[in-house]
Amino acid sequence: MTTATTFPARAAGHWSFLVGGALTLALLIAAGVSLLWTPVSPYVIDVPNKLQLPSAQHWLGTDALGHDVFSMLLVGAQNSILVGVIAVSIGFSIGTALGALAAARGGWLEEAVMRLSDFAFAFPAILTAIMLTALLGPGIVNSILAIGIFNIPIFARVTRGSAKAVWARDFVLAARAVGRDRFGITVTHVLPNVLSILIVQATIQFASAILWEAALSYLGLGTQPPQPSWGRMLNDAQAQLFQAPWLAIPPGLAIMLAVLGLNLLGDGLRDLLDPRLARRR
Amino acid sequence: MSAFLLKRFASFLATLACASLVIFLVLEVLPGNAAEVILGPEAPPETVAALAKKLGVDRPPLARYLGWVEGMAEGDFGTSYAYGTPAAALIDQSLALTIPLALIAMALNTALGLALGIFAAARHNRFGDVAVMALSQIGIAIPSFWFAILLILLFAVGLGWLPAGGFPGWSAGLWPGLRALILPAVSLAIVQSAILARVTRSAVLDVLREDFVRTARAKGLSEGQALRRHVLRNALIPIVTIMGLQFSNLLVLTIVVENVFYLPGLGRLILNSIANRDVVVVRDVVMLLAAMVVAVNFVVDLLYAAIDPRLKLRDL
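Heads up: the protein sequence lines correspond to chains S and B, in order.
The opening residue of the first sequence carries number 1 in my numbering; numbering runs sequentially from there.
The opening residue of the second sequence carries number 1 in my numbering; numbering runs sequentially from there.
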């Protein structure tokens, strides 16, 4: 067995990275294309042509109001990416800051951050979203906030765990010996060394954010009409399950492929960025 | 042992107290008091004040918080604004569906996940392993509510073997009740078992590399004997951890899946309560679910101690 050493060479031979990357790219392209063009506007209601089977004009048919399903699917990708990116960014920025702080200072501060993140685990995203909805009414902001808050303790734990390992390394000891302060060491030594782990985690959390967004929109707590979202499309499809069962397939498949792609990409990145962390096969 | 238990129990209670405070504060920010919400914006102020007094929402926040917590401790969950009945009765009814559903799903998940995970580890890097891992990657990516819809399409719309939704109630008999829970439980369990299979596989593989397993084989135990006597017990820690998380996940995911099947459990209760702005019930149900999640974590901690006595000592 040959051992490729450069990143592109190893990436080219890593099937889960390749498949995951291709699916993720497809998701991004779908969202990008839909910003400029869709076969039919997904907001056009065309009741006379409702519940049509796939055809040359409507590639995946039409829903109960005559919306073009393929166009809604494309625009729905934007929605998933929007929620995923903002929610994961909230979790990443706040969680990483808390985790790095906990690792750098130790003592009661570390204990407080860890207890806080234990506590946050008592509130899964759906519970937070339900409370926010009771408070603010349903909407996309709720789902972003709920998923974002849910991500904070996850990033805090991962960052703290990995950062503590870096703090124990010799080069950090050397930096301390020459008088660097904790903040400087965190920025120049600790964070760059945990970045690859955080990127992997972010990819996986992005996948889970897409799943949660779909669930919340399905329940009517997340994205509201007329903005197309995959979760809502499934809810609408369920109402037509006996008349138009095929409507339930495309949105679910889209969610599954997006999540599968990001998870595979995350697995691949984990193997490629940090061979020590590679899952033993 | 008792010091360990006490410490864990104290943190369990502290977490519950914090959770109740957060839930109360978040829902307290709701604009307008409950009386205004119930009577609508056109109601005369005197009527609002009278109802507010009757509901007890004119009291200061601290008194209401303590009243709520004390009530719950005594089994009094307040009165639903929307139905005018005790919230405890509504919750009891819903739990009669949600708890069996979550338990059946958990049992299916455990059986399937452990079996597949051990199978994959035993066939490490051979066809069976690769197939199970590929399937589980797909399983993890499937939204459980979509899987539920697919099951309805196949078994209810297509084959007509099982109901597409609804619940006849346990008074209709055990079998009609269970029949209504089969598809919901399967849709919850399949996705979770994909996760459990992966964790089980890697936990078993980790232990298989340990020296004591080599010793066990060297003294003449067969692969199966070594697996049963030495590997599984040592692989249990990560497996129990993930199963605890999964049970909490299942409780929360029942909210979604109950809505797919129109089942009158906690999930439907809480969504209806949101639609009705029934703050008392929303608050109680969120608290109950959070408490169940915390309780499951507490039990997992206790199980750790039972599985691996070393953890107990390290903790003290």
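In short, the hints are calculated from the structure, not lab data.
Being a predicted model, the structure only gives us computed values, none of them experimental.
Even glycine gets a Cβ: it sits at the ideal position worked out from N, Cα and C.
Honestly, I wouldn't trust all of these hints.
[Stated by the list, open to error] Covered by chain S, per the in silico footprint, the following chain B stretches (three or more residues, Cβ under 8 Å): (1) 212-220; (2) 256-262; (3) 274-281; (4) 289-299.
Whether chain S covers the stretch 212-220 of chain B (at least 3 residues having a Cβ closer than 8 Å to its Cβ atoms): violated (count 0)
Counting residues of the stretch 274-281 of chain B with a beta carbon closer than 8 Å to any beta carbon of chain S, are there 3 or more? holds (count 3)
At a Cβ distance under 8 Å, does chain S reach at least three residues of the stretch 289-299 of chain B? Answer holds; 5 residues pass the 8 Å Cβ test.
Within the assertion that chain S covers the stretch 256-262 of chain B, do at least three residues meet a Cβ-to-Cβ distance smaller than 8 Å? Result for this restraint: holds, n = 3.
Checked against the numbered hints listed earlier, the structure breaks hint 1 alone; every other hint is satisfied.
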